[in-house]
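Asks: Listed here are the chains, written in short residue letters.
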Amino acid sequence: MIDVQDLTKYYNDFCAVDHINLSVAPGEILGLLGPNGAGKTTTLRMLTGYFRPTSGRISVKNLDMPKDTLRIKSLMGYLPESAPLYHNMLVYDYLVYVARIKGITDPDKQMERFRTLADLCGLSAIMDKPIATLSKGLKQRVGLAHAMMTDPEILVLDEPTSGLDPNQIAEIRAIIRQIGKEKTIIFSTHILSEAEATCDRIIIINNGRVVADDTTANLKHKGMQNSFVRLTLKGPDRKTAHDLLASMDPALDIRPAEPKEEGLVCFEIHPPDNRDVRSDIYLKIKQTDWVIMELARETQALEKIFQQLTRQEA
Amino acid sequence: MSQIKHIAIKEFKDYFISPIAYIVIALFLIVTGWFFFSTFFIFSRADMRDFFSLLPIVFSFFIPAVTMRMFAEERNVGSYETLLTMPVSFTDIALGKFFAATLFSAAMLLPTLAYPVFISFIGDVDLGPVAGGYLGALFLAAAYCAMGLFASALTRNQIIAFIIGCALCFTLTIINRMLFFMPPKIVAFIEYIGASSHFTNFSKGILDTRDIIYFISLICIFIFSTYIVMQEKN
Chain G
0 MIDVQDLTKY YNDFCAVDHI NLSVAPGEIL GLLGPNGAGK TTTLRMLTGY
50 FRPTSGRISV KNLDMPKDTL RIKSLMGYLP ESAPLYHNML VYDYLVYVAR
100 IKGITDPDKQ MERFRTLADL CGLSAIMDKP IATLSKGLKQ RVGLAHAMMT
150 DPEILVLDEP TSGLDPNQIA EIRAIIRQIG KEKTIIFSTH ILSEAEATCD
200 RIIIINNGRV VADDTTANLK HKGMQNSFVR LTLKGPDRKT AHDLLASMDP
250 ALDIRPAEPK EEGLVCFEIH PPDNRDVRSD IYLKIKQTDW VIMELARETQ
300 ALEKIFQQLT RQEA
Chain B
0 MSQIKHIAIK EFKDYFISPI AYIVIALFLI VTGWFFFSTF FIFSRADMRD
50 FFSLLPIVFS FFIPAVTMRM FAEERNVGSY ETLLTMPVSF TDIALGKFFA
100 ATLFSAAMLL PTLAYPVFIS FIGDVDLGPV AGGYLGALFL AAAYCAMGLF
150 ASALTRNQII AFIIGCALCF TLTIINRMLF FMPPKIVAFI EYIGASSHFT
200 NFSKGILDTR DIIYFISLIC IFIFSTYIVM QEKN
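Here the protein sequences come in this chain order: G and B.
Going by numbering that gives the first Met the number 0, the first sequence opens with residue 0, and the numbers climb by one from there.
Going by numbering that gives the first Met the number 0, the second sequence opens with residue 0, and the numbers climb by one from there.
In isolation and in its complexed conformation, chain G is listed as follows:
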């Protein structure tokens, strides 16, 4: 669907995007992940035809940029970061304007489309309000309606949930997942859990370069390698507990951790072969009169990978 080769963008001397390659299959939800200033927005802006790349090739459905930029633009819906809109217009007027520019000139078709979008994005109550008076979340929804006006095959969303409250984030995510069933979506974010929850595939960018490109499941699987068990006990002192745990398997890497409450003992137990040691621990503790306050396997899947990939580069 989308094919990008050696995409590079320089702002004067500063290299914002450095030879990025990526391809997106039809129907895929792709998450572009990276710390702030990694080049996510620049990449998306080039993809949507707003910025001209310094070098590299972008093709969408066998159409090439810059030759077919206009046709590519009409295949895409784009929601820029923080949804910049015309503040002095009413929501309805704005949507009419967008519809006309995007080629929906027939008033009946416009109304039909507006109804669908109003239902999908929850705009019915704010149609007659000036855009300037809307809250950030509502502006984001208007922006989303703008992006989806022509029911495009490809949606590009730049940090669609940034600056929203948790309820709004959940709503926007639900919308993305709903439309993602039939559309190709690329969205950028720096929130890991978001990418994990919504994307089929994740590309991590750092300093303008792609540092990881894999399916969400694979990335998670890699992250599992770092799993450990967190154990909090009530009863024993640190030394006796440590000895007992060590007696199970000398190869266990048992690290003391800070307990959440006074009078408890807490450990992080890293099994050498990444197996699940929770049942072994339970059976062992059962023989004593200690109380297990917490026994959990933590994976830190994406966080760990993200930090590894983006820190070593910086």
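No lab work stands behind these hints, which were simulated from the structure alone.
Treat the hints loosely; a few may be bogus.
[To be verified] Not everything, but these chain G residues come out facing chain B in the computed CB check (under 10 Å):
#  : residue
1  : R44
2  : F50
3  : T68
4  : R70
5  : G76
6  : Y77
7  : P79
8  : E80
9  : A82
10 : L84
11 : R99
12 : G102
13 : T104
14 : G142
15 : T149
[Said to hold, decoys possible] Calculated cross-link-like contacts (lysine to any residue; reagent style SDA-like; alpha-carbon spacing at most 20 Å):
#  : chain 1 : residue 1 : chain 2 : residue 2
16 : B       : K4        : G       : Y96
17 : B       : K4        : G       : T104
18 : G       : K135      : B       : G77
19 : B       : K232      : G       : F13
20 : G       : K233      : G       : K283
21 : B       : K12       : G       : Y96
22 : B       : K232      : G       : Y10
23 : G       : K135      : G       : G121
24 : G       : K219      : G       : R310
25 : G       : K60       : G       : R70
26 : B       : K232      : G       : C14
27 : G       : K233      : G       : L263
28 : B       : K12       : G       : Y91
29 : G       : K66       : B       : M229
30 : B       : K232      : G       : T53
31 : G       : K259      : G       : M292
32 : B       : K232      : G       : T7
33 : G       : K135      : B       : V76
34 : B       : K12       : G       : D127
35 : G       : K283      : G       : T231
36 : G       : K66       : G       : Q4
37 : B       : K4        : G       : Q109
38 : G       : K128      : B       : K12
39 : G       : K259      : G       : T231
40 : B       : K232      : G       : Y9
Please read all numbers here as calculations on a predicted model, not as lab measurements.
In this text, a Cβ means the ideal position worked out from N, Cα and C, and glycines have one as well.
Chain B: place on chain G using the hints.
Replies: Here is chain B on its own, set in the frame of chain G:
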């Protein structure tokens, strides 16, 4: 073509949604009305020559104020990104905004049509120079709009856009009066460059193709420059 129309309509409506239109039009009418009529009865001539001779200098301040926001504001707010990622070309945007600004200038001139009507009550108005004058005023306004648009495309700061626009328009307005200081070899050239002499021909009721070509080329040059600036800035 339809994209140009949609953009032009939207931009034109924008003026009247915000207070800009009303303030600019009112101020324009006060300034031109005052300067025109303060001497009108002294000369006791039933014509509008003095009104049209005012226009170049008044336009060179008012038109940049009309056009300054066209690109600068969009860049500043960020809506420029939304606009450019819709299926429109640079040409569509530049022309759409140009037509909107020119149309607004025409709307600004519209109330002054009352002047010839009222003057005709007190004397015989020669309609030729008046009609020519209005046609010339439209050409002049369009040329200044193109310059103001170019100035607006250069920056994201509206005040800078206004000052650059004023500087451009003002230069073309007064350069004819500077001929005295120019080297003799380029006097003819400078005289051609200046907008006032071409406009004066119109307001005398003379429709000369040279003047029409002058204004049209001025419009084309600055719209093309705007197009190049837009392309370079992205």
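Asks: Now look at each hint and say whether the structure bears it out.
Replies: Results for each hint:
{"no.": "1", "hint": "R44", "result": "holds (7 Å)"}
{"no.": "2", "hint": "F50", "result": "holds (6 Å)"}
{"no.": "3", "hint": "T68", "result": "holds (8 Å)"}
{"no.": "4", "hint": "R70", "result": "holds (8 Å)"}
{"no.": "5", "hint": "G76", "result": "holds (9 Å)"}
{"no.": "6", "hint": "Y77", "result": "holds (4 Å)"}
{"no.": "7", "hint": "P79", "result": "holds (5 Å)"}
{"no.": "8", "hint": "E80", "result": "holds (8 Å)"}
{"no.": "9", "hint": "A82", "result": "holds (8 Å)"}
{"no.": "10", "hint": "L84", "result": "holds (6 Å)"}
{"no.": "11", "hint": "R99", "result": "holds (4 Å)"}
{"no.": "12", "hint": "G102", "result": "holds (7 Å)"}
{"no.": "13", "hint": "T104", "result": "holds (7 Å)"}
{"no.": "14", "hint": "G142", "result": "holds (8 Å)"}
{"no.": "15", "hint": "T149", "result": "holds (9 Å)"}
{"no.": "16", "hint": "K4/B <-> Y96/G", "result": "holds (11 Å)"}
{"no.": "17", "hint": "K4/B <-> T104/G", "result": "holds (12 Å)"}
{"no.": "18", "hint": "K135/G <-> G77/B", "result": "holds (15 Å)"}
{"no.": "19", "hint": "K232/B <-> F13/G", "result": "holds (16 Å)"}
{"no.": "20", "hint": "K233/G <-> K283/G", "result": "holds (15 Å)"}
{"no.": "21", "hint": "K12/B <-> Y96/G", "result": "holds (11 Å)"}
{"no.": "22", "hint": "K232/B <-> Y10/G", "result": "holds (11 Å)"}
{"no.": "23", "hint": "K135/G <-> G121/G", "result": "holds (14 Å)"}
{"no.": "24", "hint": "K219/G <-> R310/G", "result": "holds (19 Å)"}
{"no.": "25", "hint": "K60/G <-> R70/G", "result": "holds (10 Å)"}
{"no.": "26", "hint": "K232/B <-> C14/G", "result": "holds (17 Å)"}
{"no.": "27", "hint": "K233/G <-> L263/G", "result": "holds (5 Å)"}
{"no.": "28", "hint": "K12/B <-> Y91/G", "result": "holds (14 Å)"}
{"no.": "29", "hint": "K66/G <-> M229/B", "result": "holds (17 Å)"}
{"no.": "30", "hint": "K232/B <-> T53/G", "result": "holds (13 Å)"}
{"no.": "31", "hint": "K259/G <-> M292/G", "result": "holds (10 Å)"}
{"no.": "32", "hint": "K232/B <-> T7/G", "result": "holds (17 Å)"}
{"no.": "33", "hint": "K135/G <-> V76/B", "result": "holds (14 Å)"}
{"no.": "34", "hint": "K12/B <-> D127/G", "result": "holds (17 Å)"}
{"no.": "35", "hint": "K283/G <-> T231/G", "result": "holds (14 Å)"}
{"no.": "36", "hint": "K66/G <-> Q4/G", "result": "holds (16 Å)"}
{"no.": "37", "hint": "K4/B <-> Q109/G", "result": "holds (18 Å)"}
{"no.": "38", "hint": "K128/G <-> K12/B", "result": "holds (17 Å)"}
{"no.": "39", "hint": "K259/G <-> T231/G", "result": "holds (9 Å)"}
{"no.": "40", "hint": "K232/B <-> Y9/G", "result": "holds (13 Å)"}
Going through the hint list in order, the structure satisfies each hint without exception.
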